[in-house]
Amino acid sequence: MSGDRVLEADVGIVGAGPGGMAAATKLAAAGLRVVVLDEGQRAGGQIYRQLPKGATSQAAMPEPPSHDHGHDLIKEFEQHAENGLQVIHGATVWDAQPGLLWFEHDGESRLLRCGHMVLAPGAYDRAIPFPGWDLPGVTTAGALQVMTRGFGVVPGKRALVVGSGPLLLPTVTSLLGAGVEVVAALEASSRWRALRALPAVAFHAARRREAMWYLKQLSRARVKLQWGWTVFACEGDGRVQRAIIGKVDGNGRPRKGTERTIECDVVGAGFGLVPSIEIGLRLGVPSQFIASRGGHCLVVDAEQRTSVSTVFAVGEICGIGGAEVASAEGELAAVAILRELRGAEMQPAVAARARLERKAADAMLSAFAPLPGLHELARPDTIVCRCEDVTRLRAGQAAAMHGKTMRAIKVGCRAGMGPCQARICGPSLQAMATGDNECQMDLPVVQVPLKPVRSETILNAPE
Amino acid sequence: MTESADIVVIGGGIIGSSVAYHLAKLLDISTRIVVCDRGPMAGATSASCMGHLMVTPDNAQEYALTKTSVDLWHGLHEDLGGFDYNPTGALYLAETDEDQEMMPVLHKQFTENGDKADILDKQQLRDLEPGLADDIPGALFYPGDGVVLPMLAAGAMLRGAQARNPNVVVRPFCAVKGFERHGDGISAVVTEQGTIHTKTVVNACGVWAPDIGDMLKQQRLPIYPRAGNLAITGHHVSPIRTQLLEISYLRFAHAASEVDPTKTDADAGGHAVNMQPQTNGGCLIGSTRQFRGHNKDLNRELLRRSLQRAQRYAPGVAHAPIVRTWVGLRPYCIDNHPLIGPWEPVPGFWIAAGHEGLGISMAPVTGLLIAQQIAGIAPSVNVTPYLPGRFLS
Amino acid sequence: MSGRIPGMAERELVEFTFEGEKVSAWEGDSIAMALWAVGQTDLRNSSSNGAPRGVLCNMGICYECLVIVDGETVRSCTTMVQPGINVQRGGKR
Chain C
11 MSGDRVLEAD VGIVGAGPGG MAAATKLAAA GLRVVVLDEG QRAGGQIYRQ
61 LPKGATSQAA MPEPPSHDHG HDLIKEFEQH AENGLQVIHG ATVWDAQPGL
111 LWFEHDGESR LLRCGHMVLA PGAYDRAIPF PGWDLPGVTT AGALQVMTRG
161 FGVVPGKRAL VVGSGPLLLP TVTSLLGAGV EVVAALEASS RWRALRALPA
211 VAFHAARRRE AMWYLKQLSR ARVKLQWGWT VFACEGDGRV QRAIIGKVDG
261 NGRPRKGTER TIECDVVGAG FGLVPSIEIG LRLGVPSQFI ASRGGHCLVV
311 DAEQRTSVST VFAVGEICGI GGAEVASAEG ELAAVAILRE LRGAEMQPAV
361 AARARLERKA ADAMLSAFAP LPGLHELARP DTIVCRCEDV TRLRAGQAAA
411 MHGKTMRAIK VGCRAGMGPC QARICGPSLQ AMATGDNECQ MDLPVVQVPL
461 KPVRSETILN APE
Chain B
17 MTESADIVVI GGGIIGSSVA YHLAKLLDIS TRIVVCDRGP MAGATSASCM
67 GHLMVTPDNA QEYALTKTSV DLWHGLHEDL GGFDYNPTGA LYLAETDEDQ
117 EMMPVLHKQF TENGDKADIL DKQQLRDLEP GLADDIPGAL FYPGDGVVLP
167 MLAAGAMLRG AQARNPNVVV RPFCAVKGFE RHGDGISAVV TEQGTIHTKT
217 VVNACGVWAP DIGDMLKQQR LPIYPRAGNL AITGHHVSPI RTQLLEISYL
267 RFAHAASEVD PTKTDADAGG HAVNMQPQTN GGCLIGSTRQ FRGHNKDLNR
317 ELLRRSLQRA QRYAPGVAHA PIVRTWVGLR PYCIDNHPLI GPWEPVPGFW
367 IAAGHEGLGI SMAPVTGLLI AQQIAGIAPS VNVTPYLPGR FLS
Chain V
2 MSGRIPGMAE RELVEFTFEG EKVSAWEGDS IAMALWAVGQ TDLRNSSSNG
52 APRGVLCNMG ICYECLVIVD GETVRSCTTM VQPGINVQRG GKR
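Just so you know, the protein sequences line up as chains C, B and V, in that order.
In case it helps, the working numbering puts the first sequence at residues 11 to 473.
In case it helps, the working numbering puts the second sequence at residues 17 to 409.
In case it helps, the working numbering puts the third sequence at residues 2 to 94.
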């Protein structure tokens with residue numbers, strides 16, 4: 011067994027997004043041996059997605075003010091990466107125990123032994139099924155961000171952006187930056203509901219600047235955000251060619267008779283984010299359900315410590331909050347670890363910043379908590395589990411016969427048993443199957459591997 | 017909630033579902049049958065096992081039972097459908113000299129019973145399954161075996177029962193807490209959702225069947241949990257189209273165990289290859305056995321052995337993505353034969369449990385035999401070896 | 002190449018084939034993005050009803066974007082292009 015396959019570190023960090031970068035930089039600067047495991051090809055996570063290495067971007071995409079922070083984080087992180095901080099890109103963590111992270115990298119099965127662990131794996135797009143959502147050309151909002159900012163690819167000619175929450179705006183501006191016509195930007199929340207977010211934005215200088223930047227970009231491109239609208243269906247032959255859009259009520263329920271047809275060849279749907287808590291659950295970290303924070307998220311104390319000794323969690327997995335929350339919490343976790351290991355000083359400013367950012371994020375996101383009525387978009391013949399091609403009707407039959415829990419529905423129709431491990435269908439499956447829009451998703455059952463990996467990776471896992 | 021039923025079936029897994037289906041088929045349409053489970057229907061062992069429709073050649077008595085049952089599965093597929101029934105046949109792979117000597121013995125056991133089986137040489141084996149390693153000396157191909165998805169099959173049988181008899185009621189999340197008695201018999205089943213007045217109860221609780229017996233103050237049934245580790249690949253990557261078993265599987269699985277099932281710390285567990293193609297193009301990889309009580313934690317050593325041996329026979333497994341691993345509990349009966357029949361000390365109480373690794377295979381015939389015995393009809397297969405009374409002390 | 006934001010992302014040219022047809026891409030592209038850039042948004046057919054399917058999440062989570070590269074089924078959004086690879090539609094082989 012090559013020594014390379016087992017790594018040792020003082021601190022292991024999962025994720026090279028803002029949370030992971032902030033923690034890694036602080037710990038590496040203090041001289042600790044740090045190893046970062048990241049699924050992506052480059053640092054930045056999803057929000058600060060970089061182009062592939064060696065790419066030039068002379069005609070740079072317009073960026074909001076907050077991305078300066080991202081550039082600073084990346085610069086410092088990549089500098090440390092050339093000076094002792096070990097960063098492994100393309101690494102998929104598939105099992106974990108306190109102090110141990112098994113991962114697949116470049117076809118090899120490897121193990122990271124670490125004294126402390128900081129989990130910062132981020133989040134993924136929440137999917138709400140609707141008729142035609144499985145057509146090529148219909149993606150998540152995040153997918154379009156990756157496409158434009160991460161690869162410089164133009165998604166199409168006429169884009170429809172739908173969903174709910176602050177992520178709609180960066181999706182629109184990325185598309186505009188790619189030269190795509192945004193035919194409509196539909197926010198499912200009503201204007202009045204969204205006003206609840208106003209104080210969190212208005213009294214926070216950086217967020218205010220950010221909001222003004224987005225409004226300016228949209229106004230320049232004459233894209234009007236429509237409140238209380240969403241997509242009802244997508245249609246097309248082999249690829250999306252048009253969408254039926256319409257109004258929803260305050261609960262998100264589609265209002266019949268308001269339908270309009272709009273021609274488009276790209277649809278980006280962003281109905282919020284889901285925290286990637288699987289590694290934490292596998293480690294035995296307790297969780298809580300907070301709808302406005304994306305649902306099930308990990309419980310941490312005021313210094314990002316979980317109740318599992320030596321395991322820290324930061325950013326989206328403690329609740330959706332965005333990049334500033336993640337980097338503040340990443341730094342805070344690093345400070346706490348340095349106190350434990352080195353007796354280093356408390357840094358109240360760091361703790362204060364993390365608290366402030368989290369509070370502001372909570373206040374803003376509470377205005378965009380998922381609208382239950384959107385679960386009425388899917389028709390009986392709409393596929394709700396894409397891995398196993400299970401329709402809403404079939405899921406309903408399974409719930410009626412086998413029971414209303416996630417497990418019962420899975421057992422009755424195989425929904426949630428495919429390679430996405432119920433990440434895509436899970437958040438809405440029980441509501442789809444029971445017809446109870448308010449139905450809260452069960453906590454996912456964690457099974458190994460945490461993400462699909464090759465059989466030989468499990469077989470050759472170092473112990 | 018208080019209600020009455022003619023029959024209550026406790027346990028909504030593959031056995032309970034089959035019992036309900038066959039009762040609905042045999043008895044009058046006005047018969048009220050309640051099937052209850054403490055969790056999801058088909059949510060316990062039936063959701064954690066392989067769906068092998070196996071005709072067992074190593075034991076003439078069991079051959080009759082499993083052959084009848086697997087034939088019934090074919091009929092259920094025609095009648096009900098919707099459970100990914102796939103008549104793959106089975107390849108019994110020979111690796112060692114000892115295995116090779118077994119092949120003509122197995123062949124004889126199949127053909128003696130009027131069945132068909134073919135001994136394949138190296139080349140014929142490669143022709144049938146190009147995805148197999150090229151150093152396997154030979155195999156026996158038995159066309160009669162098949163594969164189903166057990167939890168979907170249980171659901172299909174429950175639906176089939178309700179289609180034939182609208183008075184079949186299905187109750188998930190309805191745990192049985194106890195019984196009301198009338199003399200030696202039963203007068204009601206007490207559940208967490210209320211009381212069901214009935215005189216006839218079928219215990220189809222598998223691993224938990226002894227707990228139901230406890231509630232009736234009966235001697236404890238000798239059924240013990242036997243853990244099995246499984247892994248399933250992603251879609252479209254299965255290197256095989258036929259079901260695979262290694263010949264040593266037969267010894268491993270079907271012999272009465274040498275390990276004391278009550279000593280849950282003493283068993284390191286064992287493994288023999290059983291791999292099944294799935295209709296979505298994935299592959300289900302098993303099969304391990306270990307007595308460890310109700311512990312469902314992953315046994316990494318047994319899982320590794322399982323993947324290694326699968327890879328030995330089908331090298332394409334190495335790169336196949338594994339989507340999920342899990343542990344299921346088989347209901348192992350001390351003499352390795354199921355219990356199918358009445359429990360005389362409690363008139364009206366029937367037992368259909370303890371099938372170990374043959375629950376899926378034997379579900380239809382079990383349901384049929386219980387229904388026949390309850391209806392007072394002569395059983396289609398000799399049921400004497402499976403009567404629960406053999407354990408009465 | 003059409004489908005690319007002007008001025009962004011020029012790197013080494015990489016050529017591969019998709020269903021036998023030559024596709025030009027840039028080094029560092031994922032297979033999914035290289036194909037999308039030339040208008041190829043449907044990558045496989047659903048095994049249940051044959052409907053065309055393509056990228057959904059573009060970050061390796063959803064397993065919708067499966068293609069076959071030199072015989073092996075992979076996620077095209079997390080697999081980078083390499084010169085000379087033969088890519089086929091995902092799904093049943």
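Hints were generated in silico from the structure; no laboratory data involved.
Accuracy of the hints is not assured; some may be wrong.
As the list claims (entries may be wrong) - Once the Cα atoms are required to be at most 25 Å apart in a straight line, the calculated BS3-like pairs of lysine-lysine come out as:
1. C:K226 x C:K167
2. B:K233 x B:K215
3. V:K23 x V:K93
4. B:K193 x B:K312
5. C:K63 x V:K23
6. C:K167 x V:K23
7. C:K63 x C:K85
8. C:K414 x B:K193
9. C:K85 x C:K167
10. B:K312 x C:K414
11. B:K41 x B:K215
12. B:K138 x B:K124
Against the structure, the hints come out as follows:
Distance check on the hinted pair: C:K226 and C:K167 sit about 22 Å apart at the alpha-carbon level, within 25 Å; holds. With a C-alpha separation of about 17 Å, the suggested pairing of B:K233 with B:K215 holds against the 25 Å cut-off. A hinted pair counts as satisfied when its Cα atoms are at most 25 Å apart, and V:K23 with V:K93 qualifies at roughly 22 Å. Restraint check for B:K193 and B:K312: satisfied, since their Cα atoms lie roughly 24 Å apart, inside the 25 Å limit.
Restraint check: the Cα-Cα separation between C:K63 and V:K23 comes to about 24 Å, which is no more than 25 Å; the hinted pair holds. This hinted pair checks out: C:K167 and V:K23 have alpha carbons roughly 24 Å apart, not beyond 25 Å. With a C-alpha separation of about 14 Å, the suggested pair C:K63 and C:K85 falls inside the 25 Å cut-off, and the hint holds. As the CA atoms of C:K414 and B:K193 are separated by approximately 21 Å, the hinted pair is consistent with the 25 Å bound.
Restraint check for C:K85 and C:K167: the C-alpha separation of about 34 Å exceeds 25 Å, so the hint is violated. Simply put, B:K312 and C:K414 have alpha-carbon atoms about 23 Å apart, close enough for the 25 Å limit, and the pair holds. At roughly 20 Å between alpha-carbon atoms, B:K41 and B:K215 fall within 25 Å of each other, so this suggested pair holds. Annotation: proposed proximity of B:K138 to B:K124 holds, straight-line Cα distance about 20 Å (limit 25 Å).
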